[in-house]
Every structure is written in structure tokens, then in C-alpha cells.
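Trainee: The listed protein sequences derive, respectively, from chains W and L. Quick note: the first sequence, position 34, residue 34 per the numbering used here, numbers continuous. Quick note: the second sequence, position 329, residue 329 per the numbering used here, numbers continuous.
Since the hints were derived computationally from the structure, they do not count as laboratory data. Incorrect hints may have been included.
As the list claims (entries may be wrong) - No more than 30 Å apart at the CA atoms, straight line, and that leaves these computed lysine-lysine pairs for DSSO-like:
{"no.": "1", "chain 1": "L", "residue 1": "Lys60", "chain 2": "L", "residue 2": "Lys74"}
{"no.": "2", "chain 1": "L", "residue 1": "Lys329", "chain 2": "W", "residue 2": "Lys38"}
{"no.": "3", "chain 1": "W", "residue 1": "Lys38", "chain 2": "W", "residue 2": "Lys112"}
{"no.": "4", "chain 1": "W", "residue 1": "Lys56", "chain 2": "W", "residue 2": "Lys38"}
{"no.": "5", "chain 1": "L", "residue 1": "Lys329", "chain 2": "W", "residue 2": "Lys36"}
{"no.": "6", "chain 1": "W", "residue 1": "Lys113", "chain 2": "W", "residue 2": "Lys56"}
{"no.": "7", "chain 1": "L", "residue 1": "Lys74", "chain 2": "L", "residue 2": "Lys64"}
{"no.": "8", "chain 1": "W", "residue 1": "Lys36", "chain 2": "L", "residue 2": "Lys74"}
{"no.": "9", "chain 1": "L", "residue 1": "Lys175", "chain 2": "L", "residue 2": "Lys311"}
{"no.": "10", "chain 1": "W", "residue 1": "Lys36", "chain 2": "L", "residue 2": "Lys64"}
{"no.": "11", "chain 1": "L", "residue 1": "Lys175", "chain 2": "W", "residue 2": "Lys38"}
{"no.": "12", "chain 1": "W", "residue 1": "Lys112", "chain 2": "L", "residue 2": "Lys175"}
{"no.": "13", "chain 1": "L", "residue 1": "Lys311", "chain 2": "W", "residue 2": "Lys56"}
{"no.": "14", "chain 1": "L", "residue 1": "Lys329", "chain 2": "L", "residue 2": "Lys311"}
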Amino acid sequence: MSTELILSAIIFIGLAVIVPVLFVATVIFGPRLAGKVKNEAYESGVGNVIGAVDQKFSVKFYLLAILFLIFDIEAVFMYPWAVSIRQLGWFGFSEMVAFMLLLLTGLIYILKKGVLNWR
Amino acid sequence: MSLTLLNVIVAVIIAIAFAALNAAYLVWAERRGAARIQRRPGPNINGPFGLFQPPLDGVKLMAKQLLIPGGVDKVLFMAAPVLAMAPAITSFVTLPFSDLIVGHNMHIGILLIFAFASIGGMSLLFAGWSSRNKYSMMSSVRAVSQAIAYEIPMLITVITVVMIAGTTDLMGIVKGQMGGFWHWNIFPFKAGLFNPLMLMSFLIFFTCSLAETNRAPFDLGEAESELVAGFHTEYGSMGFGLFFMAEYANIVIGASLTTILFLGGWDCPFGFFPGVWWFLLKIYLLIASFIWIRWTFPRTTIYGLLNLSWKILIPLSLFNLLLTAGLLKVF
């Protein structure tokens, strides 16, 4: 198992070297011009950039990111249980049912709290 | 060890070639398909049926300037396209195309693919954040919230397949479905198991893979009418090219995963001559349906998109999982 993980790491690092070769090609073949207007941020052909980059976002996006962490970890936690569900018997099954019902209750609580009520 | 390493390197090179070829010609297929649906000719000048268009596009992208606008975070700006492309290619290495054609089969194949898919989500955030452009920033916030929202029902739905197969090994999952279409996971009558819920699993998974690959009707991250071009507004040349290749590579991975998990992988529908051709036929049919859906349905809103995942798909997939587990225990 650990060999496989090391191999995946090697692939990943190797790709981080291979893919930039395309960048090098475009640096060699492409023009290298610079100018004040060319370096500006894109703004649909209007002369000046309108509005700031660091504008405010709805706080709901942050809430969703935190909720994602909870549910994602929960889903990964269920994988080992899913692989061995046939061996676990009714005890393992009922424990996971309790866990999932708790999570569903949590989701219903979140929805009732209005996390997803936009506007 | 060294032989395995050599295998993996060869597999990576083949995967890159396959991903690049698919990206190039899926763009062509998409443009021709869109043109057919909208009753216009599409690219038809270069070569028969415009078949020389993709390589020429590639050359043109390469001959453009790799512009780094003023004020961007250079490291993240250059890292983002690489981070989009690398996980897509790495996922190809673990996908079994047939019982012989597989780069490196792993026991944790499906978990590995999901892990790499999450890294692809990070590249969206890097691209939007480093560009210093309000459209890119808005788009990346939308695209990331979309990617994470649809990852949860996807993960939970795949658990139903893992329960039936009893393994997270992609090859093992396909081998559990061999011997004709009535053994495939999507159909309710499997040997010793009656499970009418798998069709729902399939539909949830298919919806999520549409959303995860940022395809219309869920392409809120790239809504042209609102956000110019989305998170890659500031990218030109090969930076844009890599994002494009990554998007189409992800479509191929989504179709392959759907095929492996639900449609029997390389198995023949009638139980004879299983092989890689069935696999390719299935994934290209699925990709054709992706293109069809993209040019048929209008774009949703970002609120509707997030609500669909959090209010409908996640509770539905949790109930689906509970009922499937119960069915597996009873039968």
C-alpha cells in the first residue's frame, strides 16, 4: 500500500515537471510584448477597471465550506464500513444507521437555521 | 519495484497522449454537436468535416504570448493550470480500460480518484485568487462552492456501489458486474440481490459528475453572460489551453467512472467478447449525452445550483445509502 502511495507521489511530481514543458514551448514560440494597457486586468473593453477585486462575498459561501468539511469527512469515514458491511452483522449496521440519522438531523437543523436561504 | 516504476512511467505517458487527443477532438465534437443542435455548419473549413481544426488550434495557442498581467500573484497564477491538468492525468493511470489495459491498478482506486478530483478544485481557487480580476474572483468562489457541494452526494452515492462490490478496487467493481447487462449495477436484478435503488444512485452520480466537470446546465463558474470567461479570464496561450484540456480530461474521467461503477466497464451487454471496445463505446455514448445536455438545457442560477445539492441531492443520497444498506442486510 505504501509503495503505491509513493508511486502516486512520483507521478504527481513528474507531471509537475512534464506539463510546464508546454509553457516553455509557448514562451519560445510566442511573442514577448508588454505595455501598460496590456498588463491591466480585463474589463470588457471599458477604459478603466470598475470595482475592486477584494469585494465582499456573502458569508454563506464560508458557511458552506465549513459544512463541506463535516460532510466530506463523514463520507470518507463510511467507506471502510461499506467495504466490510457483509461481515459486520446487524450491530455494525445499526451503529452506522444511528450515525447517519444524527447527520441527517444536523442537516435538517442547518436548513431550518436558514444557512441556505439566499436573499 | 523498478519494473513497477517503469510501468507507471509508460502509463503516464500514454495517459497524457490519450488525454490530449481526447481533449482536442472532444472540443471538435462539442463544436460540431453544438452547431448541429443550433442548425449551423460549425467548423468545416480545415480538412474534411473540419477535422484539422484541433491541431491548428493547438499550434495557435502555443504561438500566443504567455502574458502574466501586472499585479497577479505569479507563483499561484502559473501553478493553477498545472494543478488543474496534473490530477486529471494521474486519475487516468488508475482507470481500468479493460482487464489488461490498466496503468496501475490500486486497491484504493476510487478513493484516489476522488482525492485527485479535490485537488482540481483547488486549482480553480488558485486561478481566481491570483488573477486580481473581479470576474475571476467571483467565478472561483462560485466554482469552488459548486465543486464541494456536489462532491458530497457523489461520495455518498458511490458508497452504495462499494457496498455491493465489497471493494474500493475499480477492477474488482467491474469484475463483480461481468456476464451480460443484467449483472450491471444500474439494473435492479443482480444475482441474489434485488435492488431497485441503483437507478437512483446512477441518476445522482450522473448529475453530480455533470456539475463536478462544470458543464452546462451547471456551468455557473464560466457563465459568459455574467463573468466574461470565469476563473480563466486572465489566462491566454497555453495557460488557457491547459485549463481547457483539463476540463475535457475530467469529462472523460467522469464518463469512465460512470461506466465502471454502473454500466459494467468493459463487459459486453450480451455476455460475449468483453473488451476495451465496449468500454470506449460506453464512455463516448455518455460523453455524447453530456454534449447533448449542455446544448439542450438553459443555465441555472447559483442559488438554485447550491440548493439542489444541499437540499435535495444530499438528503436523497443519504436515504438511498441507508435503504441500500438495509436491503443488502436483508437479502
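Trainee: For each hint, tell me whether it holds in the structure or not.
Mentor: Checked hints:
no., hint, result
1, L:Lys60 - L:Lys74, "24 Å, holds"
2, L:Lys329 - W:Lys38, "64 Å, violated"
3, W:Lys38 - W:Lys112, "49 Å, violated"
4, W:Lys56 - W:Lys38, "27 Å, holds"
5, L:Lys329 - W:Lys36, "68 Å, violated"
6, W:Lys113 - W:Lys56, "22 Å, holds"
7, L:Lys74 - L:Lys64, "18 Å, holds"
8, W:Lys36 - L:Lys74, "17 Å, holds"
9, L:Lys175 - L:Lys311, "35 Å, violated"
10, W:Lys36 - L:Lys64, "18 Å, holds"
11, L:Lys175 - W:Lys38, "56 Å, violated"
12, W:Lys112 - L:Lys175, "44 Å, violated"
13, L:Lys311 - W:Lys56, "25 Å, holds"
14, L:Lys329 - L:Lys311, "28 Å, holds"
The structure fails to meet hints 2, 3, 5, 9, 11, 12 from the earlier list, while all remaining hints are met.
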